[in-house]
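Can you make the complete structure from the sequences, with help from the hints?
This is what each chain is made of:
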Amino acid sequence: MAKLMDYDRALELFEPVLGFEVHIELSTKTKMFSDAPNYFGGEPNTNITPVDLGLPGSLPVVNGQAVRYAISLGLALGCSIAPTSRFARKNYFYPDLAKNYQISQSDEPIAFAGSVEVELPNGRMFTVPIERAHMEEDAGKLTHVGGATGRIQGAEYSLVDYNRAGVPLVEIVTDIIYGAEADAPELAKAYVSTIRDIVVGLGISEARMERGNLRCDANISLRRRTPEGEPPAPLGTRTETKNVNSLRSVERAIRYEIQRQAAILDEGGTITQETRHWHEDTGETSAGRPKSDADDYRYFPEPDLLPVVPSDELIEELRAALPEAPAIRRRRLKAEWNFTDLEFQDLTNSGLVNEVIDTVAAGASPAAARKWWTGEIARTANAQGVDATTLVTPLQVAQLVALVDDGTLTDRLARQVLEGVIAGEGTPQQVVDARGLAVVSDDGALIAAIDEALQSQPDVLAKIRDGKVQAAGAVIGAVMKAMKGQADAARVRELVLERATALPE
Amino acid sequence: MTNDLTRLTADALATKLAAGDISSVEATQAHLDRIAAVEGAVHAFLHVASDSALAEAADIDRRRAAGEQLHPLAGVPIAIKDVIVTKGMPTTSGSKILEGWVPPYDATVMTKLRAAGLVSLGKTNMDEFAMGSSTEHSAYGPTHNPWDLERIPGGSGGGSAAAVAAFEAPFALGSDTGGSIRQPAHVTGTVGLKPTYGGVSRYGAIALASSLDQIGPVSRTVLDSALLHDVIGGHDPRDSTSLTDVWPSFAEAVRNADVAGLRIGVIKELQGDGFQPGVMERFREALALLEGAGAIITEVELPSVEHAIAAYYLIMPAEASSNLAKFDSVRFGLRVNPKGGGTVEDVMSATREQGFGAETKRRIILGTYALSAGYYDAYYGSAQKVRTLVQRDFAAAFANADVLVSPTAPTTAFKLGEKTGDPLSMYLNDIATIPANLAGIPGISVPAGLAAEDGLPVGIQFLAPAREDARLYGVAAALEALLEEKWGHTLLSQAPDLSSSEMNATDEGAV
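Chains A and B supply the protein sequences, listed in that same order. UniProt numbering puts the first residue of the first sequence at 1, with every later residue one more than the last. UniProt numbering puts the first residue of the second sequence at 1, with every later residue one more than the last.
To be clear, the hints were calculated from the coordinates, so they are not data collected in a lab. Every value quoted in this text rests on a predicted model; they were computed, and no experiment measured them. Incorrect hints may have been included.
Said to hold, decoys possible - A few chain A residues that face chain B, going by a derived Cβ cut-off under 10 Å, partial list only:
no. : residue
1   : P60
2   : V62
3   : R89
4   : F93
5   : P95
6   : A98
7   : K99
8   : N100
9   : S104
10  : D296
11  : F300
12  : E302
13  : P303
14  : L306
Claimed, not checked - A few chain A residues facing chain B, derived, Cβ under 7 Å:
no. : residue
15  : G54
16  : L59
17  : R298
18  : A438
19  : V439
All residues carry an ideal CB built from backbone N, CA and C; glycine is no exception.
Right under this line is the structure:
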């Protein structure tokens with residue numbers, strides 16, 4: 001367990017300096033350089049062609065749709081689109097890399113020099129500078145077998161699935177980010193969340209972090225503060241934290257690294273330039289491989305591909321088709337939904353704006369959609385340590401709200417139904433049917449239960465008849481118990497009073 | 001009868017097949033018999049596909065009998081350089097690291113050959129990964145020049161050229177990165193053409209240097225190369241560098257050959273010092289014949305050509321070092337497990353150590369170095385600048401000439417083993433062919449006769465601007481006709497009869 005410095009103390013001594021590399025898997029039909037289906041999953045090594053396996057003689061061909069998606073994303077990030085960009089080979093040996101080089105872009109990326117507006121939970125607006133966005137191909141997936149950690153160190157052997165090899169990626173690289181200060185963890189989360197909103201808005205990626213559609217490598221270093229009037233200290237040594245698979249982890253990992261690095265530096269130690277692995281379970285990072293700026297990938301222009309030269313017409317067409325920027329959209333939604341500042345801030349902080357949009361689109365009221373997502377669902381997600389979006393779909397939430405609206409479920413029952421849906425028992429209606437959770441609205445069944453309760457408590461019956469209506473509570477409780485809670489208490493009360501007079505003496 | 005069929009050109013075989021004079025099975029069997037008779041001496045093939053060849057031939061005969069409309073070349077046998085990926089036939093690119101690999105897919109050129117009904121006889125020998133000028137770098141032993149079995153057949157495509165020169169196949173596919181089609185043609189008395197870069201799909205050609213490689217035809221006559229080029233050429237959506245041009249019929253260009261008024265520029269830098277007298281003699285004789293037929297002979301300068309070899313030996317190994325990284329034992333080919341096991345890196349390293357030959361390792365190391373941080377600009381970067389200069393030189397030269405001409409190589413076939421210890425002198429053999437690859441322009445080598453001093457074949461090379469391959473077929477066919485008229489026979493009819501020299505053959509490389 002690494003030694004950690006108190007966060008506030010760390011911020012007194014050091015300025016956090018950030019940088020992010022976000023990889024987006026594009027949801028094209030086929031892969032970046034082959035006509036294999038862009039579908040990662042299923043039987044290993046089935047969605048592959050000679051190109052994805054790097055078989056001798058095979059050649060890549062650029063996926064035009066991936067280029068269009070990359071241009072759209074570049075434009076949405078406020079980038080300039082290069083009139084001519086080029087693919088390059090990044091050479092290194094690794095068994096998940098079929099050709100032992102990755103086709104990427106080096107000094108001629110398709111998009112460069114942009115910025116993204118990010119809103120922090122405290123309402124602060126922050127402009128994140130974007131250095132570049134470039135196209136590349138994903139690698140295969142390695143499974144290390146026989147070791148304790150599931151990592152390559154100590155494994156007996158490794159299996160490779162090339163289904164993911166060649167999946168189109170755009171990598172978004174920020175410039176160095178100064179000035180985040182104590183908001184650094186929140187900025188990290190808000191930045192990744194904004195990128196997610198942008199790509200979802202563009203419809204170019206599923207952007208599910210837990211599935212690896214959107215992956216964030218977080219670079220962080222600390223710069224010692226100097227007294228007023230003195231020149232600033234040089235930048236500190238950075239670490240690159242990988243494997244942060246949720247928005248929550250991004251925030252936690254940055255906070256952790258600030259505290260870890262501060263403790264080392266404060267004791268006169270030095271930070272090793274390396275990749276670090278985030279461990280969701282323990283909330284810690286651990287050392288990965290040393291990463292030097294001198295890593296030599298021997299980049300050179302990919303001779304199998306022609307330069308990418310998008311026409312001005314195409315760029316303008318894609319620019320015209322861009323959806324609203326997230327910041328503008330948020331302002332519009334807040335007005336449309338009639339939320340208070342606090343309500344909307346809560347929702348934004350939860351990172352669930354898109355889910356509410358989709359839930360409203362599926363028929364729920366904005367208020368109900370917000371209540372469920374930021375309430376019960378967010379609580380469950382927090383308890384389970386997962387992203388709320390992994391638990392239920394907006395459609396399921398809308399169906400749940402509809403069942404409450406039409407009286408089939410009470411709020412309490414609806415929470416049980418939600419639990420069933422999260423447990424994978426099916427749609428809300430299927431859970432209602434399977435668990436028999438619907439409100440009993442059949443007066444006959446209620447009356448039978450009420451009559452039985454009244455008759456078994458003749459003293460209570462007498463009191464009600466004497467006009468002591470509050471005595472009915474005991475009967476209502478008994479009936480609700482008999483109905484296993486699946487009755488509308490108000491209706492039960494009505495019927496109890498009715499039956500007390502109707503029953504024979 | 002059998003010998004007669006192997007002496008026919010592809011065009012003549014096609015005519016007889018179409019007329020029903022012979023069957024494809026007969027033509028195929030005749031070539032398989034010839035292979036069986038001379039392979040012990042020549043070793044042009046790494047794999048002879050007797051069974052599948054006869055089955056393909058029988059299928060063509062059946063379809064022809066059923067009245068099906070077939071491609072004019074249907075049923076004609078062909079040999080395939082082992083650099084080309086062939087479904088169902090082993091493909092090694094001359095390397096141990098791919099020994100036994102049977103590809104699950106066909107190169108685009110193979111798909112086109114199969115669609116046209118050509119019958120694949122097998123895979124021909126080559127320098128490992130097409131790195132060499134003699135086939136001595138083949139992991140499976142060298143090919144011998146049918147003109148003199150003690151001599152090299154050229155390289156890297158010595159197998160295809162020797163197979164055609166030894167009448168084992170009427171024509172063949174080759175590949176040319178720095179002269180691997182043209183230099184073997186030169187030393188074996190055959191015809192070979194490197195198309196314009198992008199003229200023939202590279203999909204399924206095991207890459208040596210992607211920006212230089214080009215597949216092309218090898219044959220005994222200019223017409224046969226043109227006929228084959230007509231089959232394999234054209235745009236391929238699987239190769240991004242393939243041109244989208246609609247190409248004229250190259251066979252038509254041969255039939256309409258005429259050099260009257262054609263401006264032929266003699267490349268000043270590619271003659272004289274280092275060029276064998278007998279090579280220059282045949283060269284000048286050919287020019288005189290062309291002039292006599294109405295061509296206008298001029299001289300052009302390509303000042304950057306002196307740097308071409310240096311640039312080539314940076315660009316080619318740089319690209320090769322990356323292209324050959326995929327040979328790592330993980331997905332296909334050889335796997336060598338180090339004693340006592342090891343990491344994946346150990347297995348990759350042991351496999352590459354054992355699977356690659358010395359020349360391949362030399363070029364991987366050269367290329368890795370040339371691309372390394374700190375050296376990239378000085379080596380790879382400078383080489384690309386030279387490449388641009390060479391292209392400019394050609395553009396300027398073509399302003400004053402329709403085609404350019406030079407000897408295809410400085411010398412006739414050297415002896416096996418003569419240059420294996422001296423890579424630089426081996427590299428210099430490609431001085432005349434490399435510039436065309438750097439510039440992406442087409443080049444052809446046609447037989448010009450035999451050198452007086454050693455009685456070995458000499459080739460002459462014509463170069464044309466990019467996309468003007470048809471011009472090359474025209475001038476080459478005209479010269480071929482003029483020479484054969486003068487000689488009264490074809491050059492290859494003078495080659496030794498190998499059936500009788502079989503007893504003297506080396507025992508290397510039995511199929």
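Hint check:
no.: 1; hint: P60; in the structure: 7 Å, holds
no.: 2; hint: V62; in the structure: 7 Å, holds
no.: 3; hint: R89; in the structure: 5 Å, holds
no.: 4; hint: F93; in the structure: 6 Å, holds
no.: 5; hint: P95; in the structure: 5 Å, holds
no.: 6; hint: A98; in the structure: 7 Å, holds
no.: 7; hint: K99; in the structure: 5 Å, holds
no.: 8; hint: N100; in the structure: 4 Å, holds
no.: 9; hint: S104; in the structure: 13 Å, violated
no.: 10; hint: D296; in the structure: 5 Å, holds
no.: 11; hint: F300; in the structure: 6 Å, holds
no.: 12; hint: E302; in the structure: 8 Å, holds
no.: 13; hint: P303; in the structure: 4 Å, holds
no.: 14; hint: L306; in the structure: 5 Å, holds
no.: 15; hint: G54; in the structure: 5 Å, holds
no.: 16; hint: L59; in the structure: 5 Å, holds
no.: 17; hint: R298; in the structure: 4 Å, holds
no.: 18; hint: A438; in the structure: 56 Å, violated
no.: 19; hint: V439; in the structure: 60 Å, violated
When the structure is compared with the earlier hints, violations turn up for hints 9, 18, 19 and for no others.
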